[in-house]
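J.: Residue numbers (this note's numbering), protein chains in the order written: chain H, 690 to 1030; chain V, 690 to 1030.
Because the hints were derived from the structure by calculation, they are not lab data. Some clues are possibly wrong.
One copy or two, it doesn't matter: identical chains are merged, so the pair holds either way.
Pairs of lysine-lysine residues, derived as DSSO-like cross-links and limited to a Cα-Cα distance of at most 30 Å, are as follows [said to hold, decoys possible]: (1) LYS981 <-> LYS897; (2) LYS796 <-> LYS890; (3) LYS986 <-> LYS890; (4) LYS1014 <-> LYS708.
There are 2 protein chains.
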Amino acid sequence: MLDGFPDKYRFTNDAEAIKELLAFLKNPQYQRIVVCGHVRPDGDCIGSMMAMYHYLQGLGKEVRIFARHMQMENLLAFLPDGQAPAEEYPTDFAADATVVLDISDPKRVVADFVDVTDRPMVCIDHHATHQPFADLCWVDEHAAATGELLFRLFDADNALTPEIASCLYVALISDTGGFRFGNTSSSALAAAATLVSAGAKPAELAGKVWGNVPRETVEISAHVFSHLHFEMDGAFVWAEITQDIFNAHGGEKNDPDNLSGEMRSIKGVQVALLLREGADGSARGSLRSSGKADVSKIVAPLGGGGHRAASGLEIPGPYAESSQKILAMTRSGLLAQLQSQ
Amino acid sequence: MLDGFPDKYRFTNDAEAIKELLAFLKNPQYQRIVVCGHVRPDGDCIGSMMAMYHYLQGLGKEVRIFARHMQMENLLAFLPDGQAPAEEYPTDFAADATVVLDISDPKRVVADFVDVTDRPMVCIDHHATHQPFADLCWVDEHAAATGELLFRLFDADNALTPEIASCLYVALISDTGGFRFGNTSSSALAAAATLVSAGAKPAELAGKVWGNVPRETVEISAHVFSHLHFEMDGAFVWAEITQDIFNAHGGEKNDPDNLSGEMRSIKGVQVALLLREGADGSARGSLRSSGKADVSKIVAPLGGGGHRAASGLEIPGPYAESSQKILAMTRSGLLAQLQSQ
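One chain only, chain H, in its complex shape (with noise of 0.2 Å):
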């Protein structure tokens, strides 16, 4: 806890967050920091700890990154030196301070992560769902990603250098899907315009976050396209990707971003469902939604989440079975969906 701030203080307005914010990372007396970011860190995650990354290095002091399973190989760019993250907290190094990012629930850091440091801890964070852990947290849910608080927070400090630039239309780009999903503000788009203006090259950066997909997952979207199952009349639609296609094509790590996504913009689909087996042999279903159906109903029977034009669920194996559930429970739920419309 820190002197002069109450426990678990969070910002009610930007201008008092940025002040205050700015004084903590400046603050002389925190000159080792760890920056975190959740498990299995997305764009987003990966920009905005190293835009962070870069600023405090441009502070003079030392900083280390953790984030447990990294798997986006694309964006190993940015990472420092190209590693990735640390898998555990740097308790050797003796950190003055701790930066928690894109964190809405300190559980998404490791399972005991506030027993883990003591040190004097902020957050910055967008997530509706958000619960003040840190001791300082700025929390604006209408912001598009975590990188656009950054950027807010940059700007201010008039600090966007080339990289820290670069690494914030990162993480802009990929919450926003390229600027394609729904939380595609005004603002998100000034941020962006002023990010290139300081250096982002938005094709390049684009390149990396996009392109370079492995052979082997364009074959695993080839037959997920060559095999997908249409029912009721089209407004329905599902595929899977089993243990056999995926160690066909070199296993899931080459298991395609966005596949349902793609599925759902076929004309005539309401609610699009790519079905997953595990290693373990659990079903996963990703759930997604054109507009009318909300997914996050239909996937409720069996535990999943979500929000209304994108949900998931995860539920033991026998895959066999448990894909079977799954699909029943998509078509009951959607044509229940659509007869009350």
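Use these hints to put chain V onto chain H, whose structure you have.
T.: Frame of chain H; chain V shown alone:
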């Protein structure tokens, strides 16, 4: 030709262009206006034509739209009453003036276009290869899209209604590939931010441009990605869509968009080539470079053209022979470039 303007007058600065073009469009002498786009209008052309249509209607003018071979079914939503543009210049309309958009060469409208109309004509375009042919031309090859120029024009006139903003947003995202292509600039993103403030809805419009893909189009894409040919250790990838493939999936109207761009995204690929067989047996090649190679130089020997990262060509058939010529040209052109690096 217009009183008070030199023949074929090309503006040298934005302020002057905006002032004179607004004066032209608002001129009470011009009450019936034909808005023209190029053959096979793309999203920039259609969005620009529609924005101009709404703007002129807002001024109380009568407007007709003329552009041949509308192919993008998804964009029909942006046309008046969802109708296709007229396939012939509406000579019975007794137009007072013609507004030509996104056109560098009048032959891209119809072969004898300059003879078809002797009405006063303005042209707004962003092609570097533009040759002035209209009475007044506003050309800025640094604009990401013709829609970006219309944005500057209508924004200066405080005329960004939600409808106009939506059409211009479609123009911008179409020509920048959703802000992923090299022409994505700070000013294009800033324009997009203002358009969203004026009522454009990013996710909805992205859905209209890239969603609603016909099932047959998805099948053709899946076929292509299941039949990729890699050469030169994966630096070169090519595929083809023959008439048999088109016909098996409902014909050329289901031709997928940007497949060669997706092929370029595969890891290690320097150049991607997609060959298409025309109904007349001709061979069309779309080439994309991931950065190092200059595909405009590769296609030059057979009369193709375009940009460093995206070029194309079309040569007469028979396809079997012509496609082999394009393949051979691409192989040797790429090899020569790789060896000289």
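J.: The structure should be examined with respect to each hint, and the outcome stated for every one.
T.: A quick look at each hint next to the structure:
no. : hint               : result
1   : LYS981 <-> LYS897  : between (33 Å within a copy, 15 Å between copies)
2   : LYS796 <-> LYS890  : neither (35 Å within a copy, 35 Å between copies)
3   : LYS986 <-> LYS890  : between (39 Å within a copy, 24 Å between copies)
4   : LYS1014 <-> LYS708 : neither (50 Å within a copy, 64 Å between copies)
Hint compliance for this structure: hints 2 and 4 are broken, all remaining hints hold.
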